[in-house]
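Protein chains in written order, with the working numbering: chain A, 836 to 1015; chain B, -10 to 446; chain C, -10 to 446.
Think of the hints as simulated: they come from the structure by calculation, not from any bench. A few of these clues could be false.
What the hints assert, rightly or not - To give a feel for the contact side, a few chain A residues facing chain C, derived at Cβ under 7 Å:
#1 D905
#2 A929
#3 P938
As the list claims (entries may be wrong) - Straight-line C-alpha distance at most 30 Å; calculated DSS-like pairs for lysine-lysine:
#4 K316/B <-> K232/C
#5 K942/A <-> K183/C
#6 K316/C <-> K316/B
#7 K942/A <-> K232/C
#8 K316/B <-> K124/C
#9 K316/B <-> K221/C
#10 K232/B <-> K294/C
#11 K294/B <-> K316/C
#12 K183/B <-> K259/C
No residue lacks a Cβ here, since even glycine has one placed at the ideal position from N, Cα and C.
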Amino acid sequence: MPQVPTGAGPVLAAAAVGLAVGLGAFTFGYAKGASYLSTDPAVCANCHIMGEHFTAWQRSSHRQAAACADCHMPHDVVGKYVAKASNGFWHSLAFTTGNFPDPLQIKPHNRAITEHACRHCHGDVVAAIDPADGPADFAIRSAFAGGAAAERPQIHDGPIDAGWSDSCIRCHTYVGHMVR
Amino acid sequence: TNIFERKQEARNPFYRVVELTDSTIDPAIWGKNFPQQYDDYRKTVDMVHTRYGGSEGTPRNPTAIDPRRVVAQSRLEEDPRLMRMWAGYAFARDFREERGHAYMLDDQVFTGRQQAAPQPGACLHCHASMYVAYKRAGAGDLIAGFERINPMPYAEAKVLAGNHPVACIDCHDPATMELRVTRPGFLEGIRTLKASQGVRAYDVNRDASRQEMRTYVCGQCHVEYYFKGKEKRLTYPWDRGLKVDSILSHYEASGHTDWIHERSGAPVLKAQHPEFEMYSQGVHARSGVACADCHMPYERRGALKISDHHVRSPLLNINQACQTCHKISEAELRDRVYLIQDRTFEMRNIAIDALLDLVTGIQRARAADSTAPVVAKAQRYQRAAQFFADFVEAENSMGFHADQEAVRILGNSINFSRLGQAVLRGERVPDAPLEGASGSAHQLPRAARPAEPIDRR
Amino acid sequence: TNIFERKQEARNPFYRVVELTDSTIDPAIWGKNFPQQYDDYRKTVDMVHTRYGGSEGTPRNPTAIDPRRVVAQSRLEEDPRLMRMWAGYAFARDFREERGHAYMLDDQVFTGRQQAAPQPGACLHCHASMYVAYKRAGAGDLIAGFERINPMPYAEAKVLAGNHPVACIDCHDPATMELRVTRPGFLEGIRTLKASQGVRAYDVNRDASRQEMRTYVCGQCHVEYYFKGKEKRLTYPWDRGLKVDSILSHYEASGHTDWIHERSGAPVLKAQHPEFEMYSQGVHARSGVACADCHMPYERRGALKISDHHVRSPLLNINQACQTCHKISEAELRDRVYLIQDRTFEMRNIAIDALLDLVTGIQRARAADSTAPVVAKAQRYQRAAQFFADFVEAENSMGFHADQEAVRILGNSINFSRLGQAVLRGERVPDAPLEGASGSAHQLPRAARPAEPIDRR
Ligand SMILES: [Ca+2]
Ligand SMILES: [Ca+2]
């Protein structure tokens, strides 16, 4: 089974709330934080910081196929709300303090979420090329070796630092939003 | 196919029609389980050329010793200078553009180089499906079989090797279909390399990531090599690194020489297809792009994406090979490759001219007085210049795999050749830096600066 | 700042505090309307160095003729070979690492080169805010003013120029803030270049795309140039193209020479900051990446994205300069640049060594017999070798702007220098290819092949 570190989310969030609750709450409300829990791209775009990606997404091959949340939210129900809460909170906080890298840098756990999203929709198509140590359920080894998980370590150097080296966006960098 | 079938196919992409064991050599049998990969695999018989790559089918009249009706174009006819560059070595007799995997065994058996000189069994390491043959020859022990076959006369070894070019079993584990390295040359070569980087007891099949394996299976053969000692042990000269400078210094230390140049009498080296080494110096390697990404790109087949087993020039398949990562037109991508290759080709030609000027010079000097110390000194320059020039000439991407590095190597080669000529004219010139030191003594104080920028306001 | 402000800013990007006219030179006044850009613009006084770029503040004792308390490090001290390379030319007296725009005027006024030789008003074209000065001197006609100021003695022209380094008005239209080219040198240079490509009557301010303008405003000054004839008309030698080979052939045709080399007597050329020309050969230019994308990247200022007017080395600002396009770590990006620069630096050093060997050779040969025909022939080789080596030495990215091309140029330079030495030794060597032909006669039949792959099965 692939390991996707979303677990840290709520803990940190909780801790940080204690310190920054006033500020955080203010932003969260003002920036229509509540609607953050919906899946309407406009919600994300509601933050001008997200604007570029929104525009880029509208030009992407997925504009008809997938909205922000489809790629950036885990597809299992629990993880979904954990991620929304943590991202929602952290983004709100970051947005308010203005303290974050620009251009934005996706965080490893969020990168991993998108990698899962790909499989969620394309699992069938990539069944043949996506091995068992990736998230897809239908890998070659499951067909022949009863799904024995591979022991291979993963490279984290190179341009892609997804949770495993079988990253989709290693090649399909532009599917969500063509920034370059 | 209707949705129901697609689902079936998807849940279990491959139907196990036959049992594959660790001694199933014949790709046709594997092809029963994986018909699409097998179909592509067989397409490597195609001969299509690009500006510098692919291959050009040339008809010939079959003879008793060489029954081939079509061969790839002769590189010696394309560039006769190569015959003088390799004077006295089998390559001056027959050297052709390489072509698809389907031909690897025949082309080795029938090359004119076989008549020119007796070849050892070690040759087969990279031209036949050797995994099972090594296992059998070693009574189950791969390395033992390797050691037994290396020194055999080629014809004898060929009998053990059988009749298959590289086959499924040479890159895949029949049980899991996972990639695996089956070639002792690479198993040992990569271990030495990693050791030199401080990694102990590296086992490629245990320690490499999947993405690295997508390069290493090719690195089994597309590398510089030599036969060590009378055991003819196939060796990859990587104990000091993969750069040409490190490899030359390995040969210096080990005192290895391929042959004595017929015209100049210099103890020279022949570089051979260092694709893996050159690629490793390039920006694609740094970016984690593997050989298979470009030479075996994914293709959509029915409901599935699979790897295109028609291994070939990516320029014949730009859409799949390049455009997923580079969202620009095929024409523009081709032009970028050709621009890189044309620059490399220009420098390659200058380097070969310079090298032959030196060869002629040494030849004259020897005629006058073969014992003159300048001759020996100039011959060392030839050794360095020739290996550097050949390293790019023999590498098969005409510089694409590492564009700046390829031209850096040629620039050094030109300098070595011209300095060798200066030696002959009795000028005061330092000895050839065969231990791989840079060609210039100059070091800018800057070079000593820390990598991190410093604020000095 | 908080979201309230951001929403405010988002609604109106800037307040028009003052009216800007086509003769408002002082950036402080423009700064009233655009305080953020003005703040950044003033930061170009910072002196921070990277491995090969930025600049290193070096304290000095102010004198009457040169009141500067801090200057950039001396390149002549860093690499004394440069003094022999430029022997007899003002550059051998004083040549420093370039630094931020804020210093351009002072550094030109006080450089030791001013004492070494009288300089013309044409110098100011790229070191001061000249737009208004040219207009005034030409009574409203930019070109007329340009022609009047070019031949003036520097001191006289300086009075007309005023005291501002490049200012807002030199790149912006005060009414629309759109980019515009204000420099006659570039207006004319780019027109000649386009004409050579079959584009007639090219008007950069009318015909260039916005993205092109983001490069052309820099190309106004970061280019190779010379002063033509006694009118000292500032000229960009682009009528045959931007490659070093084309530029050298331009100088051959026009018979231009910068100075006679003190030691060798060769009629040589000085290349100067050909950033635009070199960049044009690189993959970033091919990909439509502009100077401003890397040297003035967008930065978030509240709700706005503005262009960072602190023009500097992108290595001091990798996140904004590179990571928009390259989603890899800053450390890895820096390492890639340094790898490219280290390779270039290695070849640059070899090329300079080779060039100085040739200079010494010619010097000796002249001492023996200055009329010997070999001397003249060798001097032509020096002319070619020196221009090629200097083209990379003078370019300020140490090869990054076009990594393979930079090393190709150096490889050719090395060959020219070494062939020049062969000439001196009376060997049969063709004349130096100053008309920009390739260094090798060899053409592979392949090269003649069509770009499109052909199936020959
Ligand atoms: Ca080929
Ligand atoms: Ca600088």
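The hints, checked one at a time:
1. Here the hint on D905/A is broken, as its CB sits about 21 Å from the closest CB of chain C, past 7 Å.
2. Interface restraint check: A929/A against chain C, minimum CB-CB distance 12 Å, threshold 7 Å, status violated.
3. The interface hint given for P938/A is met, as the beta carbon of that residue sits about 5 Å from the closest beta carbon of chain C, less than 7 Å.
4. Pair hint K316/B plus K232/C holds up; C-alpha atoms about 27 Å apart against a cutoff of 30 Å.
5. Our distance criterion of 30 Å between C-alpha atoms is broken by K942/A and K183/C, whose separation comes to about 46 Å.
6. Our distance criterion of 30 Å between C-alpha atoms is met by K316/C and K316/B, whose separation comes to about 16 Å.
7. The suggested pairing of K942/A with K232/C is violated, with an alpha-carbon distance near 43 Å, which exceeds 30 Å.
8. At roughly 45 Å between alpha-carbon atoms, K316/B and K124/C are farther apart than 30 Å, so this suggested pair is violated.
9. At roughly 46 Å between alpha-carbon atoms, K316/B and K221/C are farther apart than 30 Å, so this suggested pair is violated.
10. Between K232/B and K294/C the CA atoms are separated by roughly 44 Å; this puts the pair beyond 30 Å, and the hint is violated.
11. For a cut-off of 30 Å, the pair hint linking K294/B to K316/C stands: about 26 Å separates their Cα positions.
12. Proposed proximity of K183/B and K259/C is contradicted: the alpha carbons are some 47 Å apart, above 30 Å.
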